[in-house]
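Participant: Chains as they are written, first to last, in numbering that gives the first Met the number 0: chain S, 0 to 209; chain F, 0 to 209; chain B, 0 to 209.
Be aware that one or more of the hints could be misleading.
[Unchecked claim] Cβ pair distances, simulated, as ranges:
id : chain 1 : residue 1 : chain 2 : residue 2 : range
1  : F       : E144      : B       : Q204      : 25 to 35 angstroms
2  : S       : R196      : F       : Q204      : 45 to 55 angstroms
3  : S       : A75       : B       : L205      : 16 to 26 angstroms
4  : S       : L68       : F       : G199      : 47 to 57 angstroms
5  : F       : A188      : B       : T167      : 53 to 63 angstroms
[Claimed, not checked] Which chain F residues stay away from chain S? Per the calculated CB distances, all over 10 angstroms, these:
id : residue
6  : A13
7  : F79
8  : F95
9  : P120
10 : P145
11 : I156
12 : I164
13 : L171
14 : I180
15 : A188
16 : L200
[Said to hold, decoys possible] Examples of chain B residues lying across from chain S (beta carbon under 8 angstroms, computed):
id : residue
17 : L55
18 : I56
19 : P145
20 : Q150
21 : G199
Just so you know, these hints were derived from the structure itself, not from any lab.
Virtual Cβ for every residue (Gly too), placed ideally from N, Cα, C.
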Amino acid sequence: MSFSGPEILLIIEAAGTFAFAVSGAMAAIRSRFDLFGIFVLAFVTAIGGGTIRDLLIGNLPVSWLTNSLAIFSVLAGFLFTLIVYRRINKLEGWLFTFDAAGLGLFTVMGTQIAMEGGMSPGIAVALGTITGCFGGVIRDVLAGEPPLIFQKEIYAIAAVAGGTIFITIVDLLGTLFIAQITGILVIVAIRYVAVKRELGLPRLQLPEKN
Amino acid sequence: MSFSGPEILLIIEAAGTFAFAVSGAMAAIRSRFDLFGIFVLAFVTAIGGGTIRDLLIGNLPVSWLTNSLAIFSVLAGFLFTLIVYRRINKLEGWLFTFDAAGLGLFTVMGTQIAMEGGMSPGIAVALGTITGCFGGVIRDVLAGEPPLIFQKEIYAIAAVAGGTIFITIVDLLGTLFIAQITGILVIVAIRYVAVKRELGLPRLQLPEKN
Amino acid sequence: MSFSGPEILLIIEAAGTFAFAVSGAMAAIRSRFDLFGIFVLAFVTAIGGGTIRDLLIGNLPVSWLTNSLAIFSVLAGFLFTLIVYRRINKLEGWLFTFDAAGLGLFTVMGTQIAMEGGMSPGIAVALGTITGCFGGVIRDVLAGEPPLIFQKEIYAIAAVAGGTIFITIVDLLGTLFIAQITGILVIVAIRYVAVKRELGLPRLQLPEKN
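Next up, chain S with everything else stripped away, as it sits in the complex (with noise of 0.2 angstroms):
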């Protein structure tokens, strides 16, 4: 995703690149998938969101396309879920800790790709919401599962409140690193404690008639 900013932000984009391929990788194993599907899981799950953002508002090609450093991501998470994936567990915490990371900063990023692309503040969110989260709904349904993020924690959430905070940093103080860094830290933090606390949206029930 072609996000020039200070060195930071790229080594934030790595690991996360890196922390969603494996997250894909590890779907593809539990659904028994062969070598090549594990690749093809870690790569759209990598990049599905950013693909779908450039898409809706017609940055194409699609940026990954010419992105060297998402590529090398990708083959790194890969080829890391290929050697570790036995002792997946232990690395628990590394990999929420990326993928926090990774969500914060698509997230951003693709809220003020929108911005730039002259889109209405509320709609930048969306599109923001959307890079950040749909690489995981494609994920899910290519390994035939329900999108985790319709059903667990507050993720989404995350990304909608980390997105808005962005844009009123920028617009109130027009400062773009401090916006990209607090909102970041925000999603990274409602994460950490939706997971903590096991915090949930609430769901609807049926009557049982129905």
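With chain S held as given, fit chains F and B onto it using these hints.
Facilitator: Positioned in the frame of chain S, the structure of chains F and B alone reads:
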């Protein structure tokens, strides 16, 4: 979906988007999705067909990104569902009417947009049908169910018929508004008859040994 | 898929599109879809891969919208399936040959279109593989089955090999036609050997406790 025209069409568009959003929200509640999942399913059901059409013909950014009527209609359908979902059966008649009107309008709209984009009549009808029907396909895939329109009643065929009649009238008479209204009415009428008489398309039975 | 070239390639394209459409139609019949569902699945299986490629690189409107050869080949495959679906097993050999030829041609075509669009060789091979393989992925998702190419035999790897050889020959010899034919033949040959010997990619086994 950026459709300029007489006010009656705007009202149909709002009602149709609303009904599509309700059908998405109800599918999400049945699949035990949380509040965010309910909102997303309402959204993609209502705007999915037009989004696929816009992507295929290169009408980017896709139209809902700049169409606040669509966004507000989705929001209304989402909130409405949260309030009435336990008694939704009593509203079935209204929702069916809205849904049929929405299918009619979206199909005619999609066909017209494709014609204006220089597509041949057959392709334009196909794109109109996609506009009317594929939001429901995305809804069913995300909810983990086989797509309803591939299995039940006459749905897509109604869209094909309405789109064809729309194009024929525009071609013969050159009057857009009469063509639009006739196309929509034909689709609504076919839907009414199909549901009333439980008409469906034939299926094929594979031999047992297979 | 707007591929100009010697007539032999047009014949392969028609045969491949036909075979892909038949595989989509058969999957729909197995899933108990109605006539419309059978047609849609035939269609998206045959044109899905090229559509995704066109979307990703911004080649819009997507090519099937203006390619009547593709439309007629899909229609032929759809009607053919309706007639012979009870005896389809007897035709397996032919259909496999058509399918392998289609995979070969679509992959080489997709790779070439991506190269002409200025993509790097690695990305071009990836886009060629997507062109050849992702119609089948969409087919399986819509039919509610786990994507076949993530689980069975060597399929995508054949595409990767053929695309790579195609690019190598173009680069070394500069002769397009020889590169096209060689790429296609390599893919067909790998598919034959893989199916004959039931070759598959390795899968990974998670520890029991997981």
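Participant: For each hint, tell me whether it holds in the structure or not.
Facilitator: Evaluated hints:
The hinted range of 25 to 35 angstroms is satisfied by E144 of chain F and Q204 of chain B, whose Cβ atoms lie roughly 31 angstroms apart. The supplied range of 45 to 55 angstroms is met by R196 of chain S and Q204 of chain F, whose beta-carbon atoms lie about 53 angstroms from each other. Range check, A75 of chain S to L205 of chain B: Cβ separation about 21 angstroms, and the 16 to 26 angstroms hint holds. As the Cβ distance of L68 of chain S to G199 of chain F is approximately 51 angstroms, the hint placing it in 47 to 57 angstroms holds.
Range check, A188 of chain F to T167 of chain B: Cβ separation about 59 angstroms, and the 53 to 63 angstroms hint holds. Remark: the non-interface label on A13 of chain F is consistent with the geometry, its nearest Cβ contact in chain S lying 18 angstroms away (cut-off 10 angstroms). With a least CB separation of 13 angstroms from chain S, F79 of chain F remains clear of the 10 angstroms interface cut-off, as annotated. Consistency note on F95 of chain F: stated as away from chain S, and its beta-carbon is indeed over 10 angstroms from all of that chain's, at 17 angstroms minimum.
Residue placement check: P120 of chain F keeps its beta carbon more than 10 angstroms from all beta carbons of chain S (closest about 26 angstroms). Even its closest Cβ contact with chain S, about 13 angstroms, leaves P145 of chain F beyond 10 angstroms, as expected for a residue assigned away from the interface. Once the 10 angstroms rule is applied to beta carbons, I156 of chain F is consistent with being away from chain S; the minimum gap is 27 angstroms. For I164 of chain F, the condition that its CB be more than 10 angstroms from all CB atoms of chain S holds, with the nearest at approximately 32 angstroms.
Consistency note on L171 of chain F: stated as away from chain S, and its beta-carbon is indeed over 10 angstroms from all of that chain's, at 36 angstroms minimum. Separation of I180 of chain F from chain S is adequate, the least Cβ-Cβ distance of about 31 angstroms exceeding the 10 angstroms criterion. With a minimum CB-CB distance of about 29 angstroms to chain S, A188 of chain F clears the 10 angstroms threshold, and the non-interface call stands. Even its closest Cβ contact with chain S, about 26 angstroms, leaves L200 of chain F beyond 10 angstroms, as expected for a residue assigned away from the interface.
With a cut of 8 angstroms, the hint placing L55 of chain B at the interface with chain S holds, because the nearest CB-to-CB distance is about 5 angstroms. With its C-beta approaching chain S no nearer than about 5 angstroms, I56 of chain B sits inside the 8 angstroms limit, and its interface hint holds. Residue-level restraint check for P145 of chain B holds (minimum Cβ-Cβ distance to chain S is 5 angstroms; threshold 8 angstroms). For the restraint placing Q150 of chain B at the interface with chain S, the shortest Cβ-Cβ distance is roughly 6 angstroms, inside the 8 angstroms limit, so the hint holds.
Because the closest C-beta pair between G199 of chain B and chain S is about 6 angstroms apart, less than 8 angstroms, the hint holds.
In the structure shown, no violation is registered for any of the earlier numbered hints.
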